[in-house]
Amino acid sequence: MAEATSGRSDQNAEFMEINMGPQHPSTHGVCRLELAVDGEVVLSCRPEIGYLHRGVEKIAENLTVIQLPVITDRADYLSALNTELGVVLAAEQLYEVAVPERGEYIRVIMAELNRIANHMMFYGALGTDAGFSSPFIFGWWNREIIHDVFEEVTGARMLHNYIALGGVKQDVPPNFKDSVKKILPRLADGLDRCHGLLTDNEIFVARTKGLNPLTPEEALRLGITGPSLRATGLARDLRRLAPYSIYDRFEFEVPVGTVGDVHDRYMMRLLEMRESLRIIEQALEGMPDGEYRGEIPRRLRYPVGEAYSRTESPRGELGIYIVGNGQNTAHRVKIRAPAFVHVSAMEELLKGTYIADAVLIFASMDIVLGEADR
Amino acid sequence: MSLPDVLITILKVLVIVLAAPLLALVLVYVERKTLGRIQRRMGPWHVGPMGLLQTLADAVKLLTKEVLTPERAEPWAYWIAPIVVFVPGIFVLVVIPFTPELVVSRLDLSLLYVFALPAVSVVGFIMAGWGSGSKYALLGGIRLVAQAVSYEIPLLFSVLGVAILAGSLSLIDIVNAQGDTVWYGVVQPVAFVIFIMAGLAEHSRTPFDMAVGESEVMGGPTIEYSGIRWAMFMLAEYVNIFILASLGTIIFLGGWHGPVLPGWVWYLLKTTPILLFVFWLRGTLPRLRVDQLMGFCWKVLIPLSLLNVVVAATFKVYGWGPTVPMVIASLLAAYWFYRREWLRVVAVPARDPVPVPVPAPAAAE
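Top to bottom, those sequences are chains A and B. Anchor point for the first sequence: position 335 equals 476 in my numbering, and the numbering is continuous, going up by one each time. Anchor point for the second sequence: position 294 equals 295 in my numbering, and the numbering is continuous, going up by one each time.
Just so you know, the hints here were simulated from the structure itself, not pulled from any lab data. Keep in mind that this is a model prediction, so the values were computed, not measured. There could be a bad hint or two in this list.
Restricting the straight-line Cα-Cα distance to at most 30 Å, the calculated cross-link-like pairs of lysine-lysine (DSS-like) are [said to hold, decoys possible]:
hint : chain 1 : residue 1 : chain 2 : residue 2
1    : A       : Lys310    : A       : Lys475
2    : A       : Lys492    : B       : Lys62
3    : B       : Lys317    : B       : Lys300
4    : A       : Lys322    : A       : Lys310
5    : B       : Lys13     : B       : Lys62
6    : B       : Lys34     : A       : Lys492
7    : B       : Lys317    : A       : Lys350
8    : A       : Lys310    : A       : Lys323
9    : B       : Lys62     : B       : Lys34
To give an idea of the chain A side of the interface with chain B (calculated C-beta under 7 Å), a few residues [what the hints assert, rightly or not]:
hint : residue
10   : Pro166
11   : Ala271
12   : Ala497
Label-pair ranges, simulated between beta-carbon atoms [claimed, not checked]:
hint : chain 1 : residue 1 : chain 2 : residue 2 : range
13   : B       : Gly296    : A       : Arg187    : 52 to 60 Å
14   : B       : Leu269    : A       : Glu343    : 30 to 38 Å
15   : A       : Glu394    : B       : Glu67     : 50 to 58 Å
16   : A       : Gly431    : B       : Phe278    : 53 to 61 Å
17   : B       : Ser227    : A       : Thr356    : 34 to 42 Å
18   : A       : Ala329    : B       : Leu110    : 40 to 48 Å
All C-beta atoms in this analysis are idealised placements derived from N, C-alpha and C, irrespective of residue type, glycine included.
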């Protein structure tokens with residue numbers, strides 16, 4: 142399809158070129174997919190990103206380690222706390238800072254809550270892309286519950302700047318345990334409602350079952366990680382495989398799919414939320430009193446050296462690479478964003494599908510363009 | 002026709018023309034409220050008591066907006082399309098018998114008329130799709146025409162059975178024929194279901210709304226329209242839904258017939274559930290894919306509607322005796338067609354989970 146993407150006039154050609162995005166409602170932000178379509182069938186797809194590029198990595202090179210989470214929050218704005226966790230873990234490797242127990246527990250609880258909030262957004266977006274407006278509202282009800290707790294704890298609903306070197310910025314409010322315990326049953330109930338609304342919906346099943354199945358080998362070759370990879374049957378969860386923070390202390394399952402189609406990818410997210418609820422429950426039980434932030438060095442110059450952290454963000458494997466050179470600001474900050482890899486996989490995934498399915502496949506990868514473009 | 006008669010007719014037509022937009026305003030409000038309730042929220046509530054004036058405010062906003070013409074549009078087609086889409090709806094309203102008295106024109110062939118005229122609006126949609134000079138509009142227009150033309154076949158076949166039973170093509174005769182016996186919806190349950198389904202597809206409502214689907218073609222043929230011209234598409238859509246519910250009431254639910262209460266009350270009592278059902282679907286169903294939609298029409302609805310014509314003929318000739326087993330048989334056939342032909346999920350053989358650990362993650366970068 143060389144001529145399909147070369148931008149020549151398609152007046153007399155067999156195919157029609159369509160720009161899906163950057164203002165198309167189903168591209169979840171400002172991604173642009175250059176589709177060559179023959180009627181309803183997508184012949185080729187060329188994803189084009191960069192419409193949301195703000196130079197997060199470059200800006201991060203001009204910030205001190207305390208300021209760092211402020212800008213990385215803006216990368217993946219739907220799961221800011223998970224990104225913060227990754228960034229701070231990498232920084233802690235460099236600075237060799239110990240985190241007190243309470244700090245670790247707060248981090249895990251907040252990160253898992255953010256995972257649920259993110260997956261609820263995924264649920265709503267996938268539903269909307271299937272032409273169904275109710276899941277969006279259902280997802281948002283649950284997301285709002287979590288955001289209320291976030292607001293109590295961090296003062297912000299989406300961009301928190303909360304997890305910091307050595308622990309967390311400030312202690313949780315005294316009623317934190319109660320308020321989280323109170324929302325857990327509500328979230329479980331909301332999750333059941335979400336299941337009831339969409340999971341077995343006949344049309345939804347007919348649309349998504351068997352759509353775009355992937356084998357583990359294909360998925361690995363395309364660099365797909367996270368729930369979309371686990372949907373293929375590969376139980377690769379970094380929380381289990383290479384536990385960071387204190388994830389090795391909790392009991393939780395890693396849900397895996399069987400065929401890796403869109404419905405499996407959807408199911409993975411919903412099952413994962415249940416596991417996140419379990420983790421939060423256990424973490425609430427075990428959360429000790431005490432310090433929430435450890436001793437951090439007074440001079441915050443980056444030590445000379447490099448550090449790489451990989452964490453399981455809701456979207457997949459999030460890698461943060463920081464090179465320090467003894468200055469106040471880092472020499473290099475690199476974010477390995479799962480969404481970026483997933484967007485690049487679209488070129489292969491969308492080939493030969495219907496336009497309507499292309500929308501669903503795109504949504505099933507749970508892409509946040511803020512993270513892909515950075 | 003004497004002069005007073007002509008004047009009265011003109012007056013009636015004027016009422017219809019003015020009532021149609023009002024009807025659409027009310028229906029939009031009801032739909033938004035219903036959707037809101039389904040989605041655990043309020044729906045419009047801020048403008049006027051209970052939000053009743055919200056749609057009026059929207060209409061005023063649309064009226065005062067600039068009417069844009071895209072640079073690449075075909076001006077004539079682009080201009081006329083909303084009118085071509087909107088006018089047939091009003092034409093159809095003229096022959097609909099709300100009560101024996103409340104009908105503008107007693108046309109003998111009104112059953113044919115109410116299905117023939119909306120076909121014209123399909124032309125309007127292809128004009129809009131082509132004339133907008135936009136690829137998404139074209140795509141949506143093509144989808145809409147393909148779907149509307151296909152679904153007209155089961156739609157017509159489903160009412161053909163009723164026409165056989167009533168022995169007339171006049172809507173008034175059809176209602177009167179149901180007055181002393183049972184409703185046709187009971188004799189022809191499959192036809193009623195097919196009628197509603199095909200009607201939804203004809204006007205591209207959920208779950209058959211891929212021609213205007215926001216997540217795929219972003220509004221389809223109407224994407225480039227703004228202001229009052231877009232409002233006309235909107236009006237046409239809701240007038241058409243009302244016509245669908247009205248025809249369902251008249252053809253299958255006995256129209257104005259009913260005990261005690263006056264005719265127009267019965268008419269509303271029967272029309273409202275159908276309307277609410279249509280809105281309810283919008284809140285609870287995703288959208289079909291194009292091939293599934295067409296497959297559903299050609300593989301399920303058309304054979305079933307043909308079968309249904311046979312059932313109707315049997316009833317007409319032999320009465321209840323042989324009809325009851327045939328109705329049951331057609332219901333079974335409907336279920337069988339539905340399971341076998343439509344709900345065919347692509348089977349991908351399940352694999353066993355791959356054991357962990359996996360290749361070093363460095364490869365993923």
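Hints and how they fare:
1. Using a Cα cut-off of 30 Å, the hinted pair Lys310/A and Lys475/A holds, with the two alpha carbons roughly 23 Å apart.
2. Taken as a hint, the Lys492/A and Lys62/B pair is broken in the structure, with Cα atoms around 42 Å apart against an allowance of 30 Å.
3. A threshold of 30 Å between alpha carbons decides the hint, and for Lys317/B with Lys300/B the separation of about 27 Å falls inside it, so the pair holds.
4. The straight-line distance between the Cα atoms of Lys322/A and Lys310/A is roughly 22 Å, inside the 30 Å bound, and the hint therefore holds.
5. Straight-line distance between C-alpha atoms of Lys13/B and Lys62/B comes to about 29 Å, which keeps the hinted pair within the 30 Å bound.
6. At most 30 Å may separate the alpha-carbon atoms for a hinted pair to count; Lys34/B and Lys492/A exceed this at roughly 40 Å.
7. Distance check on the hinted pair: Lys317/B and Lys350/A sit about 44 Å apart at the alpha-carbon level, beyond 30 Å; violated.
8. With a C-alpha separation of about 24 Å, the suggested pairing of Lys310/A with Lys323/A holds against the 30 Å cut-off.
9. A threshold of 30 Å between alpha carbons decides the hint, and for Lys62/B with Lys34/B the separation of about 20 Å falls inside it, so the pair holds.
10. With a cut of 7 Å, the hint placing Pro166/A at the interface with chain B holds, because the nearest CB-to-CB distance is about 6 Å.
11. Interface hint status for Ala271/A: upheld, as the beta-carbon distance to the closest one in chain B is roughly 4 Å, under 7 Å.
12. With its C-beta approaching chain B no nearer than about 5 Å, Ala497/A sits inside the 7 Å limit, and its interface hint holds.
13. A hinted range of 52 to 60 Å for the beta carbons of Gly296/B and Arg187/A is inconsistent with their spacing of about 30 Å.
14. Taking the beta carbon of each, Leu269/B and Glu343/A are about 32 Å apart, inside 30 to 38 Å as hinted.
15. Between Glu394/A and Glu67/B the C-beta distance comes to about 57 Å, which sits within the given range of 50 to 58 Å.
16. At roughly 59 Å, the beta-carbon separation of Gly431/A and Phe278/B lies within the given 53 to 61 Å, and the hint holds.
17. The beta-carbon spacing between Ser227/B and Thr356/A, approximately 47 Å, falls outside the hinted interval of 34 to 42 Å.
18. At roughly 60 Å, the beta carbons of Ala329/A and Leu110/B sit outside the given window of 40 to 48 Å.
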